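Throw the hints in and build the complete structure from the sequences for me.
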Amino acid sequence: MTSDLVVIGIGQTLRGDDGAGLAAVKTWQQSYPDSARRSNLRVELAELPGIGLLSLLEGAQTAILVDAVRSGALPGTVHLLSEADLSNPLAGSATAHGWGVAETLALGWQLTPRQMPGSIRLVGIEAGDLGMGEMLSPPVAAALNLAANQIEQAICQVMA
Amino acid sequence: MNQNIEIPGLARVEGEGALYVRLKDGAVSEIELNIYEPPRFFEGFLQGRYFQEVPDITARICGICPVAYQMSSVQALEAAMGLSISPQARALRRLLYCAEYIESHALHIYMLQAPDLVGHESAISLAGEAPELVKKALRLKKTGNELLSAIGGRSVHPVNSCVGGFYRWPDRQSIYNLLPDLRWALQASLETVEWAITLDYPQFEQNYEFVALTHPDEYAIYDGEVLSSSGTHINHTAFEKHYLETHVRHSNALHSHSAAGTTYFVGPLARLNLNFAQLRPIAQQAAQKINLQLPLRNPYMGLLARAVELVEVCDLAIELAEAYQPAGESRISFEPRAGEGCGVSEAPRGLLYHRYIVDEHGMVRFARITPPTAQNFAQMEADLWALAPSAIQLPQEEASLAFEHLLRSYDPCISCATHFLKLKIERS
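Top to bottom, those sequences are chains A and B.
Residue 89 in numbering that gives the first Met the number 0 sits at position 90 of the first sequence, with consecutive numbering throughout.
Residue 300 in numbering that gives the first Met the number 0 sits at position 301 of the second sequence, with consecutive numbering throughout.
One or more hints might be untrue.
[Claimed, not checked] To give a feel for the contact side, a few chain A residues facing chain B, derived at Cβ under 8 angstroms:
(1) 13
(2) 110
(3) 112
(4) 128
(5) 131
Derived by calculation from the structure, the hints in this document are not laboratory data.
Keep in mind that this is a model prediction, so the values were computed, not measured.
Beta carbons are placed, not taken as given, at the ideal position from N, Cα and C, and that holds for glycine.
The following block contains the structure:
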């Protein structure tokens with residue numbers, strides 16, 4: 000599916016703050032409805048795409064990924080990363096069953112670079128509570144507006 | 000950015016699968032395999048939910064095998080409600096299951112286990128040496144995902160299955176449009192079998208009790224009775240009497256064993272060994288062409304079984320897609336009633352059993368989910384013990400890899416988790 004820009008929310012909605020990326024994309028859709036309905040923009044809510052992320056990226060010139068992350072920062076911290084930050088697949092190779100975002104991107108850049116967006120950014124929301132359940136922890140829920148704003152800013156930079 | 004940040008698990012929560020091998024005086028004194036098992040959480044999470052929510056909730060347990068969770072749960076709830084779905088709905092469910100097998104087996108064969116067997120640390124490094132091989136894997140997986148999307152409405156977590164059938168019939172043309180890809184996938188899967196036999200599998204034969212569904216008229220995936228290589232052949236409603244779960248101290252997963260106290264092995268090896276005669280002719284011929292000698296008793300050769308099954312499901316998918324003619328209601332109209340029912344199907348990684356008790360308002364009062372990985376757990380530990388004496392002679396890193404490769408050959412489902420396995424070998 001061709002589009003100038005794709006916004007992809009990623010997460011496991013049954014693992015607490017792991018669903019933050021999906022929640023942030025939904026918040027952005029509500030807060031910036033005109034932006035979210037641009038004709039040259041595609042929105043994907045992909046719970047656990049694994050390696051299928053590559054298919055979602057196909058055809059877009061720019062991708063904005065929105066996902067929960069863990070870096071040791073305070074829960075609710077919103078990170079904005081470029082593809083240079085993402086190109087080191089620290090997610091490792093000990094995968095038993097699925098594929099992480101960083102590994103999947105690394106595979107795409109290596110195997111099918113022409114099908115990858117020219118630019119990829121990641122809005123990462125620092126997760127706190129990753130226990131079973133559908134609720135976001137208070138600091139992460141409180142960060143959704145900021146994350147939505149970061150998504151919108153990233154779009155404006157791309158579209159400018 | 001002013002400061003480096005490390006994001007070791009960009010995706011899911013990490014470190015929920017762990018293996019501990021403890022040595023004392025040069026010998027293995029303890030082995031603990033600890034895999035987080037969210038199905039236990041789901042049993043509580045489902046209580047008090049409306050029965051029709053169950054297929055979609057359980058599908059979210061796993062990004063790789065959502066169809067399996069849906070198919071076992073809808074069958075269990077249909078048994079509880081006394082429903083029989085139409086032959087058309089059953090055929091479409093089988094086609095949906097083919098989609099899941101194609102994407103799951105392609106992922107495991109090429110992206111997860113093959114790197115272990117050809118000495119690559121991951122599919123990323125394998126892609127550097129054999130890009131066409133990995134591209135083939137990705138195309139196969141994509142074919143499965145597109146079929147899943149055409150039937151289930153979404154490529155990862157399908158949302159179209161319901162108790163009583165499907166919410167809507169998928170558009171006929173959208174299924175037909177996938178036929179060229181499915182025909183390519185069948186050829187690719189035949190090539191996969193011939194490539195798989197050239198791989199170098201570790202020598203590791205064990206005496207297993209294999210357990211799988213069996214069906215007189217087809218290679219059992221969607222439903223069937225429960226057959227064991229020990230000779231036990233039971234109706235699936237008697238599953239919990241013959242296969243018991245117990246808690247073990249070091250894991251929050253339950254471990255399964257047969258009523259006789261033995262460990263058992265579910266998954267592609269069990270299916271192929273027990274149901275070879277029901278395979279479609281093209282899959283049987285593919286196995287015979289590489290002179291596959293059954294029974295296979297080497298867990299690493301699960302890859303060969305998956306490759307043969309890939310031929311089976313691609314060929315079956317073509318037949319079902321060609322025959323797909325939606326007509327009539329896509330689901331049964333019914334009022335919920337109180338009842339209890341169980342359902343089984345063969346997830347790509349083995350037998351998946353569900354049982355529910357529903358009240359007169361259709362609310363779930365009890366849920367039991369017995370996933371394949373929990374059933375294989377005790378067998379995996381037994382295999383680790385069998386491997387340990389030779390593995391601990393290796394340097395630390397090679398020993399870790401040897402254990403990891405063995406576990407990965409089982410295609411364990413660390414559902415809802417980071418899908419990472421942390422290995423720690425302690426020497427004292």
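Report the numbers of all earlier hints that the structure fails to satisfy, in ascending order.
-> 3, 4
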